[in-house]
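Sequence order for the protein chains is B and S.
Numbering-wise (my numbering), the first sequence opens with residue 1 and increments by one.
Numbering-wise (my numbering), the second sequence opens with residue 1 and increments by one.
Think of the hints as simulated: they come from the structure by calculation, not from any bench.
C-beta atoms are modelled at their ideal positions from N, C-alpha and C, and glycine is treated no differently.
Zero decoy hints are in this set.
Pairwise CB distance ranges (calculated):
id, chain 1, residue 1, chain 2, residue 2, range
1, S, Trp-198, B, Gly-314, 31 to 37 Å
2, B, Ile-166, S, Pro-46, 23 to 29 Å
3, S, Pro-52, B, Asn-283, 41 to 47 Å
4, S, Val-27, B, Ile-166, 18 to 24 Å
5, S, Asp-240, B, Ile-166, 30 to 36 Å
Here is what each chain is made of, one letter per residue.
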Amino acid sequence: MATDLAAGAPTGTAPAPSPRPPARPRERRGRGLLVAGAFLVPNLVLLGVFTYRPLIDNIRLSFTDWNISSPTATYIGFDNYVEWFTSSASHAVLWNTVVFTVAAVIGSMVLGLALALLLDRKLFGRDAVRSLVFAPFVVAGAAVGVAFQFVFDPTFGLVQDLLGRIGVESPAFYQDPDWALFMVTVTYIWKNLGYTFVIYLAALQGRRAELDEAAEIDAASTWTRFRKVTWPQLRPATFFLLITVLLNSFQVFDIIDTMTRGGPLGNGTTTMVYQVYQETFVNQRAGFGATVATIMFVILLVITLLQVRVMERGQQR
Amino acid sequence: MTTTQAPAEHTRRLGRVGGYAGLLLVVLVVALPLYWILISSLKERPDIYTVPVGWFPDPLILDNYSAVGSGVAFTDYLRNSIIITSALTVIQVVLGVLSAFALAFLRFPGRSLVLLFVIGSLLVPNQITVISNYALVAQLGWRNTFTGIIVPLAGVAFGTFLMRNHFLSLPREIIEAAEMDAAGPLRMLWRVVLPMSWPTLIAFTLITIVNEWNQYLWPLLIADDASVAPLPVGLAQLQDTQGLTNWGPVLAGTVLTMLPILLIFLALQRHMIKGLTAGAVKG
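Excised from the complex, chain S in its bound form:
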């Protein structure tokens, strides 16, 4: 008995060992750089420039973080990031839901053309539109303003598409019943459609927050100083001024830029992943 079972048992155990070896490797590759960045941001300046590398900060100090707080206008960058991200998220979610509702439930001529117009814009990278948009924004006198950063980024294509697909998947009978009751469109949206759509809406919101928090090229072009520049732009500025000679504060700034979004992500990752994978898998 035992002799016939042995080979199968053996391969299975080998498979498990291999699995855990893989797991360990993944953890090392992903977590080690993050750990390294974190401990380096907690080291004294001479310790950062020491070979061989110390794997634990000794002494462990917070000076780099206070240097970031005082040296450059990091709190200003943080405030700007919050303003830009909140404004864009509210605008995009509202516009996306309204557009998706119209495309899913309202009958009007040219609906499929409008849908094509929205989806087609997904094929136009931001990096191609920056030249002409920059000239327009400069002409309007919007350079170095929140308006100049926010308005050109406010159109929403992906979210519209995501919400529309979700709306179309809602049970038809309920929608038709609501239409029969002659509920006004806003009432129908608020009372009937949205209560059945929270998970997708949360996913859409999270993806928007992450995208806008991480915006770099456009605010880099439009912002001149700390009055409107968001964190990633401020961080690049910090890297410019301190750069290779004083990594401590730069890395502390990096940690502070990454941290808020990582916390949001850890709390709500399931919702976000749901939004990203919707539509990708069913084909």
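Next up, chain B with everything else stripped away, as it sits in the complex:
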């Protein structure tokens, strides 16, 4: 529209002066501020009160001995931090968190990419399978946790039945801490695979097909073609997924709570998030819970900032 008008205007003449006077900038800006305030303030207040305030408050609480239902918290300095960093239970929790997070990130990204590559091909029925793969991602983690406790039931479950067919006895998913962590991790990946899958699929569909075709004509092997042509184009999606999947899997609560309650044997599948919950609301040690939450936040913040840094450097190249 605008270009048409400009082209139609006789050349050489100055643009016609606006019929309106240069319009009361001060008044307009004042009104803009007012409107912006009305539009933004409710949301900013909510985020301020229920996201940023508790974040700061957490730090204060982490230096106290506090029962969450009591009105007063006693200042105890760094005692909670000393306890967390020196107790062997916390080391087990940290280890669980690292194992779970790393396995969840790598597992869901590798499998998500493999699925995206598979379902990007022209195969009969692929649309239905795409929906199927994504479906678990939309259902409640708590429901998946409840259901998969039964799926993994060592006596009557689906997994023991399938293993039985190849003559393998079911591991003690309910009693052995390592197998319990394995069970929780597999369940998490099963539920969240759809997310990494759709992100990678969208990236594959947005890539430059002509590059692939050129490589095909060059008769490059499938692997070379993937490594040299496809993979570099997937880099933004990979970085995005690294950050989001890591943040999400670090925070998982519903699946662990419904499948194992952090057990077996005390803290067999207790991750940091679960420890925050357990200390604060079960053991009534909210001060210590706040300490774990604060440490967790610092870890997440450092990881995220590092990743963003790496991503920016990657993009500059």
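Here the structure of chain B is known, so what remains is to put chain S in place on it, guided by the hints.
Below, chain S alone, put in the same frame as chain B:
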């Protein structure tokens, strides 16, 4: 002729066979557990606890579903889920659109700081804020109320970011023309901006519905009983009381919790996926 073509043809056919084998494997891994949960929820109690497993419920019964309906307050949980999800979706979509509009189109001092404030909150997990928020909600007397569940979850960061990015991608000429006509901001939003934004808005709405329907930790802490607890919390309660000894009703409850959101998803998946992938791919 045929001999030179044969190897290429051969690999291609091999590739197709491999593709379909992969497809079959994926279907088995994803669908088998779902099928298993469904048929188990339709079995009689002794049949659930039988080895080897029966792959078809015989007889097929609905008793577990009626047990869920009568035994625990499942209809109450369902009602609560609907109330909480609807309220949060309406609030978040309205707040998200208004915030995004202000951040994309209105000029005011400190705009980039406000944007940073909104995006920064994405880095603060809910699980970290629950302790202090719980204390605040208890202090306000909001425990075991819908207000206590809804208000602390009502702030919207992701949706604001999503809508803002979409608004900025709209053709500038149209926005400027509307500004020139001195249309008021609400009028401009309603008449000019939103009509060009339905797909993104639908995606935002769907993602919000799914997220809020699946909320677990926060309502678990705030709700004491079936008067306000949503389905996932009710389901965990059901699992607590029936647990390993009576899987039938628990699995029926699981199916009922999953079903509404799966139906919405199947009807509208394209829109939802569009919202999730926006911004992720372009880098």
